[in-house]
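Asker: Listed here are the chains, written in short residue letters.
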Amino acid sequence: MLYTLQITRRSRALVLTALLCAASGLARARAQDAVSRSAADYGARAEVSRPLASVNREDPTAAGTEIDTGARSAAYETVDEVLLEAPGAHPLRSGWLGSFTTASLRGADVEQTAVLFGEIPISSADAAAFDFSTIPVELLDRITVFRGGSPLWLGQNAIGGVVQLQPRRAEGNLLSGTVNAGSFSTYGVSLASAVVPKSGGFTLLTSAGTLGTRGDFAYADDHRTPLDPSDDSEVRRANADMVQGHGLVQASTELGPGRLTLLGLGFERTGGEPGAPSDPAHQTRRSYAHGLGGASYTIEQTNAHGERVLRLQVLGSVGLSRAHFSDLYGEIGPTLPKLTSDGTVDAFGRIAVSAAATPFLELTLLGSARRELYAHDDPFGRIPLPDSTRSTLSAGAEANLHGRIAGHLLELRPSLQVQHAGAALRSEHFAGLVQTNSQNTLPTYRTALGVELLPDVTLSASTASGVRTPSLGELFGDGVLILGNTSLEAEKSRSYDIGLVDVTCLGDFSGSFEARVFDLSIANQVVFIRNSFAQLFPINLQHSDVRGLELGAHTNYGQHISLAGAATLLDTEGKPGKRLPNRPGTTFFVEPGASTSALGPFDALRFFVSANYASQSYDDPDNAALPKHSQIFFDAGTTFAFAHEHAELRITASDLFDRGGSDLRHFPLPGRTVMASFSYREDTK
Amino acid sequence: MKKLLGSLLACALLGACNDSTTASGLSAAHHDGYFAVVSTNYTGATTISLLGKEGDVVHAEWVGSKTQDANLRIPLADDVVLPSTSYSRRYLTTIERGLGVVTRFDIDAGKVLGQLRTDESVATDKAAFHSNPQDVYYVSETSAWVSRWAGNPDKAAKASELGTDLIEFDPSTMKRKGRRIDLSQYTTVIEEITYDDKFNPIGMQKSPAYARPTALVPAGDFVVVGLVRATDAFNYAPGMVAVVDPKTGKVSDAVELTGASNCGEVKPVLNQKSQVLVACIGAWGDGGAAAGLFKLAVSSTGQATVVSSFLVADHKDAADTNANIVSLGGDLVVAVAAGSLDAKMKVSVPDAVYSVDLATGKQTKLYASQGAYALGVPAYDAESGVLLVPDAGDVSTPLYGVERFIVDKSGSIEKDVFLKVAPTTTLAAREVHAL
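Going down the list, the sequences are from chains A and B.
Per this note's numbering, residue 50 is the first one in the first sequence, and the count goes up by one each step.
Per this note's numbering, residue 1463 is the first one in the second sequence, and the count goes up by one each step.
Possibly wrong hints are sitting among the right ones.
Cross-link-like lysine to any residue pairs, in silico, SDA-like; alpha carbons within 20 Å at most [to be verified]:
#1 A/Lys624 - B/Thr1505
#2 A/Lys624 - B/Thr1886
#3 A/Lys624 - B/Pro1860
#4 A/Lys387 - B/Lys1808
#5 B/Lys1668 - A/Pro433
#6 A/Lys627 - B/Pro1860
#7 B/Lys1808 - B/Leu1861
#8 B/Lys1617 - A/Ser375
#9 B/Lys1877 - B/Lys1808
#10 B/Lys1735 - B/Ser1770
#11 B/Lys1882 - A/Gly626
#12 B/Lys1637 - A/Lys627
#13 A/Lys627 - B/Thr1886
#14 B/Lys1573 - A/Pro278
#15 B/Lys1639 - B/Gly1711
#16 A/Lys387 - B/Ala1522
#17 B/Lys1871 - B/Asn1733
#18 A/Lys627 - B/Ala1522
#19 A/Lys624 - B/Leu1861
#20 B/Lys1637 - A/Ser282
#21 B/Lys1639 - A/Asp280
#22 A/Lys387 - B/Glu1654
#23 A/Lys387 - B/Thr1656
#24 B/Lys1637 - A/Lys624
#25 A/Lys627 - B/Leu1861
#26 B/Lys1620 - A/His272
#27 B/Lys1637 - A/Asp270
#28 B/Lys1637 - B/Ala1695
#29 B/Lys1617 - A/Asp280
#30 B/Lys1808 - A/Ala539
#31 B/Lys1637 - A/Leu276
#32 B/Lys1637 - B/Val1601
#33 B/Lys1808 - A/Ser536
#34 B/Lys1668 - A/Pro386
#35 B/Lys1637 - A/Ala539
#36 A/Lys627 - B/Gln1530
#37 B/Lys1808 - A/Glu538
#38 B/Lys1827 - B/Ser1771
#39 A/Lys387 - B/Ala1695
Read the hints as simulated data drawn from the structure, not as lab findings.
None of these values were measured; they are calculated from a predicted model.
Chain B with its partners taken away, still in its complex shape (with noise of 0.2 Å):
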């Protein structure tokens, strides 16, 4: 009562109650973090830790929807994900994605190097085109890309906002530079199968599978580009990465992952600069049917070759790794196979983390988590062997942190402790990237 009478007398007296807040909130971080993790509950908020090389937390909460300063409310709010590769340590980039803003920080200064908008709506664009960024690859300090993974439906739209592409900006101004590189050839045309109103099955019609572009990862002196080629009912036309030249803005090749599709997620090959990892998830519910993981090597004319794979399906009671990975070197890596609920909604099968060996097709169980579609993107320090994999628990009993795990000089990967990244919320870690 003291409070709201309070409260009236002040807004009587001074006209007005509206709150203000303009202290920028960051502060500097002087090259203390070799990870950073993402914790969101997708629904209005995010926070970003920087943790040291043993996974130490330096920064609980370095930058996020709650840092004092409103302009970053928005953009670092609901959709956010960082890009799959670090440019430097000092810079830390967020995507978010249902906005379609990239955000440059400096965080050895602790301020916003700048903002891109990465789709235009114009009043004369019949659609108000939302891009749907993905990811950003950094090649110099004047030249990076973004991947826009949706086209734009108004076909009579200009060119640079057709989506289905890679645009390039300058990081110094964070202004688009103009070149784009059309990835909307690796659009094609599946059959999908039609119903009548009561959901009988009537027939099969010829749908667009888009190309859906969305990671981006190096390759030498070229860039892997994960493409989904998805219809916009989600069924997927066969597997397939393309490869671009960032210097000349141009593709340079594309291959098809002989049976796999939906392959978005791609990332670096620990110690091989011209070798890249894809995973495939394939049809969410096929039971593994059409996911796989495939290392590529990319030749110096940017043709790209599949060296090794593993295809759930060829691996009788194979678990379902296929997304969420990470390289430990060679032909190891670090998967995570999605758990799934029962009806009512219980955890039947808790996700798991495996280390496959693509050359052998050997799964090891690393750990299972209690909940289904708990488990993020891990990240791995090869300099002190700690692998970091995000752990949201089950949704009754949630964890806020991350696995943490030791992998040794024979690569021998023992569990360790769960370390909370943001321990005074309640956010779920989802991804961990080093810088």
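Okay, chain A solo, but in the shape it has when bound (with noise of 0.2 Å):
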């Protein structure tokens, strides 16, 4: 069945719900590339195959969502931000502009979600959570997440699941320049360039950018006598600010059969840490920088009828990362000075390939090899520490059966995947070093379904295992308070799914909806135990439980209004009777908006508010103490557009009531802040 799409120029959310509509999903990868193709030239017209509905372009059978990050309402934003739209995304700040954010999905771990740049992974087993602080929103063109099992081609197998960021490509010539200034003296300045020539061929985009800010916002400070208010006094945070700079550069031109791309990305952070806010630290500094160079070579060919016959990628990339962290008064935790260096060298490469077997049958086949190199280094330290490494192969199949039963389409999706880690870790214990050297084979499996209920809509349904192994602060601790254990065995996972998705057209109406019910088993879960001489040590203890319904929507009436939203229910069990920590039982987020048609000197007027809700959750595990409170925040935000629509001036008003509240760590958020941006660019499609 071909259906004929038609897109306007209007907004690029707009167009990717009308892509939606017509397409009745972006599942199938023969309809990906009438989409990109369509996206990419706005009033042209373009014939595709109607796949399963499906609410993002890799595999209809996963519950992965795709949010489109080139048309955001607010004046300036953040991944976590942009993540909420994400059903099943709980994602976690620790405080204001530049700081630790990270995710949770479906109620695991936030180490337990993989992050690609791309399909880079940039999340690492060794490290902590992935920091998404660390690329600007404006170096992506959509962020897709992966819940529960993802499709073989991304080559993870998460727990959670996958935070996929597509980086920003060059879709049309464009020249654009965006100032940004808001609450707490902050400031930034970001341009970006594309050159697609006609002719096709050879495409670059560049994207650079800074943003600063002094984030000395007001606090009350109790302190730290909570229940004496005679000391109490409102002060302003200090030693917050922070500046950052960023880059990409993506040139990419056909060669051969197939087309070459190659990515640069850039990052770089320095300021102040704060600490506790009854404790401030004056004199804490920390900086980070990464930056992360790849080459790919992809050939996708498509038969007749426009659908996909072979898809191969060779793909390789090393990233470098280095962090500073300088503690000279010991401000930050013990009473012991710090100055560490700590740095990656981060090797990866992979060949897939997906090819039609036959007309009903599609094959992938995925080989991967990744090898990460870690330097710690501290003048302060009780003994040097040489460098740790870890090697990681993996290999995966995936059979994709599709075709039509009973006049349904159907797709089946079996898949798996092995892993093979290596790992030579150096760590300290009371002075002493610990060199071990472990190996692991994990193999992990996926099967996932999806029926076409009604033209529209699609039954998904999924099983997939994960695993997670042992980081190297779990396995070798700080070698202060922290106990290491090398005999952790890796975390697993099973989880399950089912649910719902609807893309619908109905008039001037248009939306994608989806449900989902999950059930996400975790056993070896490393938990840290902490003994009688105040010693953290962690052990495969715990087998955790996480139930849930996930629901989002991204709806569009006409041309002016629209409507974005997520929920996630969740009931978990980690210590038998008890409720996992910080995994509050209801999030929710919506953001409705409305445009109008040329008003007086502006071509459109946009406006939105939006809520975002989290209810109660323990910070324990033992769920014995106060839980945390339930938070709300609201934010509104309008947009001026002119000049054609090439000028926009964007404000935004964040925590609208000043609720303030507090992070993960309990400390405070700045409450209400605004941050205005105005930006200029010149196009063609």
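Starting from the two chains in their separate frames, assemble the complex, guided by the hints.
Answerer: Structure representation (structure tokens):
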């Protein structure tokens, strides 16, 4: 069945929804070509076969939600704010701008979320959870959040799921600039350019920017004596300044039957570490920089019906990172000076191929290799630590059986992946060097089914397993108060989900909806136990279960009304009868928006309000402390578009009612903030 | 779904969904507690139970991080200990070491009397000084002392914030009084091994072993102060305790405990008001080479002498009884020998609790836990003959309570039953203190 789609120039969010409607999903790769072409060539016509309705373009059987980052409403946004739109995702932030930010998927630990930059893994088994604040949203085209099992093409077997950050690509000639300004002396400038010659072939995109803030918001200081109000005062957050810069270059050219793409990413941030609010750190500083360079060669071939018959990707990348932490007065944590420098080198390569073996069977094969090196230096450390390394080999196969049964489209995707990891790790234990070599081989599987119930409705169900190898910190501790455990086994999970996806167009109404129930069971979960000598040590103790319901919606009514929303209900159990910490039972995000036609000097005025709610949750595994309060934050913003929509002025107020609240560590949040951005762009699509 | 829709509707109508907690949550306990038990997971949750003289649970969770008072959430969360000695059964004092806050409760009235912050961190103080308070000793209703383990890395800080000292406060107001007993004179310099970047030993360097005052226990009119004397790398100088006069605020004596190190734990001797017990752990993993127990007597002029001692290294195949001590009177001490874990973090040697006769050197095993690093700080009530020892069990089969022992008039000790002190929690008991 072929549908014709016609797209007029509108915001990219509406384009995406229109595409979803027209194609009833983006799942099948044969549709992806048409979608990509159409998105790049607004006003063009293309014909695509209607695949299963889906809200991600990689796999309609997967619980994956794609969020377009090219059409945001707010003046300045971070990745964690975008992730609020993904059902099942719970972003966790440890402060304001520039602070560590991560995300839990379906109630799993944040370390159980894998993060990809395109197809390049940028989260690591040996690091803590990935810090999303180090990837500016303006470098991305879209974010896809896969919960539970993910398609083999991504090469991941994470327990919680995968967050795929798709780097921005050149979609037309472009020159744009944005200036940001906001509360607490926040400022920013960014520039982007893209070149896409009419003759096709070579494309080039560059993007660079900077952002800085003093971050010195006021907060109530109880002087660490909350029961003694006589010494309370309002003070400003000190040493919370930061400045960061980023750059992205992506060049792509046709080469032989495929396309060669080169990618370079750089990010650096330096700033203060303010410490606990009632115990401020005045001297402590930290900086972080990472760079990523990669090259990929991709061949995609379709048949006369636009159906993909071959997709081949060869990819190689090298990532470097360096983190400095300077606490010469021991202001943070124990009263010991620290001057640490941690570096990583991460080399990655993969070959993946999907080929149509028969009209109803597509086979995907994947092989990847990764080598990570960790170097730690601390002149105040008790002993010097030699470098640690970890090598990981993965291979997998997936079959995609697809066709039509009794008039209904159907896809069945069984897959198997095997990962072998070898690590040579070095750590300190009471001033002694601990050297351990570990080897483990971890198979995982996924079986997913998608069935077209109605032309716009897909029923999907899957079962999958996931693994996470113990991290460096868990294996070896910190040499002071955290004891390592070199015999830790990998965490393993089983997950099940079933749900419906609907992509609907009814007159002026268009929208996508998804609803799933899921069950996640994690064995050998690593938990830290503390003994009577105040030493923490990790053990494979916990068996935890998470059950939940996730709902998502993106809708438009005509060109003037929109609504984005996501909600997650979680029921968790860690210790027997106890809820897992930091898993609110209910979270939701809702963002209605409206826009006008030309009005006075403006081409359009756009408005949005949003509400972000998290119910109360415990932050200790025994549920023996008062739960954290529920929190709801309202944001609102407006956009003035003028100069034939080449220019936009956006103003956004966050935490409109100045609730303040606190972050993951009970540290205060800034309360109401205002950000404004002015952008100008010249582009051709 | 219904709940979600309800939440959405309520939030839309009310415009706010932030909870608020105002109730104090404490209840009056009226002299029915004889022991206080601290149970904690050290990761954000603590509860304190009050037990009767038989070890019976009077208040399973009298106060803790779940008490319905948001202001108690942080001061009773992570690293909470109780003072070595109790000023009165009516009062309970908690020390949050990481936060540096002392909180005093009136058990009878069921209320908080006040809070003391044990360090300041003004903007002019280069280091956000963490004093790491260890113990509190109440001299009277208007005078008490706190020991501060940590020294201030900023040597230019004002004297009151230099740390490695005792500071005085007024319990009636919970405000500092200004007096300070500097113990930095007991900081010394020891040699430590240095390494190259391949971890080959290349020589020795001199490092300060800071005094690190910990326990405060009265002996006559004086107070004995346990000193850990450790470097930043936790290597230890020879063991020592100091003796101070809490009335004059002066040091009267210091005595080196020969053959031992890491002597931070001090406890009273039953029915001997001028004597104290000192436990020395030695270095981690040294097999007891510098571990031992000492009984000291303090004279009326504040001079300390060793009355008797038990050095582990002096007794072949002796258990390394070096911590978590309590006096049963005379030379009889109950002490814990910490166990060990193998490379797979399985228990290779479990913790065991012993009675040790300092006069004869005889050790008698009373009980072995299922776990290592599982037995906590014990307490003994001579009137009832009840000895309580916290037991966390093995991590795979955790316990949440205390082991009860009965000590008869002849000094015979019998293991009795295990008591769950906070049965609805999964918090391990770590300390028992007689009120």
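Asker: So, for every hint listed, does it hold in this structure?
Answerer: Outcome of the hint check:
1. Taken as a hint, the A/Lys624 and B/Thr1505 pair is honoured in the structure, with Cα atoms around 14 Å apart against an allowance of 20 Å.
2. At most 20 Å may separate the alpha-carbon atoms for a hinted pair to count; A/Lys624 and B/Thr1886 meet this at roughly 13 Å.
3. Proximity of A/Lys624 to B/Pro1860 is assessed by CA-CA distance (about 11 Å); at most 20 Å being required, the pair is judged to hold.
4. Annotation: proposed proximity of A/Lys387 to B/Lys1808 is violated, straight-line Cα distance about 32 Å (limit 20 Å).
5. With a C-alpha separation of about 18 Å, the suggested pair B/Lys1668 and A/Pro433 falls inside the 20 Å cut-off, and the hint holds.
6. Among the hinted pairs, A/Lys627 with B/Pro1860 is consistent with the structure: their alpha-carbon atoms are about 15 Å apart, no more than 20 Å.
7. For the given pair, B/Lys1808 sits about 16 Å from B/Leu1861 by alpha-carbon distance, which is consistent with the 20 Å threshold.
8. For the given pair, B/Lys1617 sits about 18 Å from A/Ser375 by alpha-carbon distance, which is consistent with the 20 Å threshold.
9. A hinted pair counts as satisfied when its Cα atoms are at most 20 Å apart, and B/Lys1877 with B/Lys1808 does not qualify at roughly 25 Å.
10. Proximity of B/Lys1735 to B/Ser1770 is assessed by CA-CA distance (about 16 Å); at most 20 Å being required, the pair is judged to hold.
11. For the suggested pair B/Lys1882 and A/Gly626, the alpha carbons sit about 17 Å apart, so the restraint of at most 20 Å is met.
12. Pair hint B/Lys1637 plus A/Lys627 does not hold up; C-alpha atoms about 40 Å apart against a cutoff of 20 Å.
13. Between A/Lys627 and B/Thr1886, the direct Cα distance comes to roughly 11 Å. Compliance with the 20 Å bound is thereby established for this hinted pair.
14. With a CA separation close to 16 Å, the supplied pair B/Lys1573 and A/Pro278 stays within the 20 Å bound.
15. For a cut-off of 20 Å, the pair hint linking B/Lys1639 to B/Gly1711 stands: about 12 Å separates their Cα positions.
16. The suggested pairing of A/Lys387 with B/Ala1522 is violated, with an alpha-carbon distance near 41 Å, which exceeds 20 Å.
17. A distance of roughly 15 Å separates the Cα atoms of B/Lys1871 and B/Asn1733; the hinted pair therefore holds under the 20 Å criterion.
18. Simply put, A/Lys627 and B/Ala1522 have alpha-carbon atoms about 19 Å apart, close enough for the 20 Å limit, and the pair holds.
19. Restraint check: the Cα-Cα separation between A/Lys624 and B/Leu1861 comes to about 13 Å, which is no more than 20 Å; the hinted pair holds.
20. In summary, the hint linking B/Lys1637 to A/Ser282 is supported, as the alpha carbons are separated by about 17 Å, within the 20 Å threshold.
21. A threshold of 20 Å between alpha carbons decides the hint, and for B/Lys1639 with A/Asp280 the separation of about 16 Å falls inside it, so the pair holds.
22. Among the hinted pairs, A/Lys387 with B/Glu1654 is consistent with the structure: their alpha-carbon atoms are about 19 Å apart, no more than 20 Å.
23. For the hint pairing A/Lys387 with B/Thr1656, the CA-to-CA distance comes to about 17 Å; that is within 20 Å, so the pair holds.
24. Our distance criterion of 20 Å between C-alpha atoms is broken by B/Lys1637 and A/Lys624, whose separation comes to about 41 Å.
25. For a cut-off of 20 Å, the pair hint linking A/Lys627 to B/Leu1861 stands: about 16 Å separates their Cα positions.
26. For the given pair, B/Lys1620 sits about 19 Å from A/His272 by alpha-carbon distance, which is consistent with the 20 Å threshold.
27. Proximity of B/Lys1637 to A/Asp270 is assessed by CA-CA distance (about 18 Å); at most 20 Å being required, the pair is judged to hold.
28. Restraint check for B/Lys1637 and B/Ala1695: the C-alpha separation of about 34 Å exceeds 20 Å, so the hint is violated.
29. This hinted pair does not check out: B/Lys1617 and A/Asp280 have alpha carbons roughly 26 Å apart, beyond 20 Å.
30. Distance restraint check for B/Lys1808 and A/Ala539: the Cα-Cα separation of roughly 17 Å lies within the 20 Å cut-off, and the hinted pair is therefore satisfied.
31. For the suggested pair B/Lys1637 and A/Leu276, the alpha carbons sit about 13 Å apart, so the restraint of at most 20 Å is met.
32. Note on B/Lys1637 and B/Val1601: the hinted pairing holds, with a Cα-Cα distance of about 15 Å set against a maximum of 20 Å.
33. The suggested pairing of B/Lys1808 with A/Ser536 holds, with an alpha-carbon distance near 10 Å, which does not exceed 20 Å.
34. For the proposed pair B/Lys1668 and A/Pro386, the alpha carbon gap of about 17 Å is at most 20 Å, so the pair holds.
35. Taking the CA atoms of B/Lys1637 and A/Ala539, the gap is about 51 Å. The hint is violated against a cut of 20 Å.
36. Restraint check for A/Lys627 and B/Gln1530: the C-alpha separation of about 19 Å stays at or below 20 Å, so the hint holds.
37. Taken as a hint, the B/Lys1808 and A/Glu538 pair is honoured in the structure, with Cα atoms around 13 Å apart against an allowance of 20 Å.
38. The straight-line distance between the Cα atoms of B/Lys1827 and B/Ser1771 is roughly 18 Å, inside the 20 Å bound, and the hint therefore holds.
39. Proposed proximity of A/Lys387 and B/Ala1695 is supported: the alpha carbons are some 13 Å apart, at most 20 Å.
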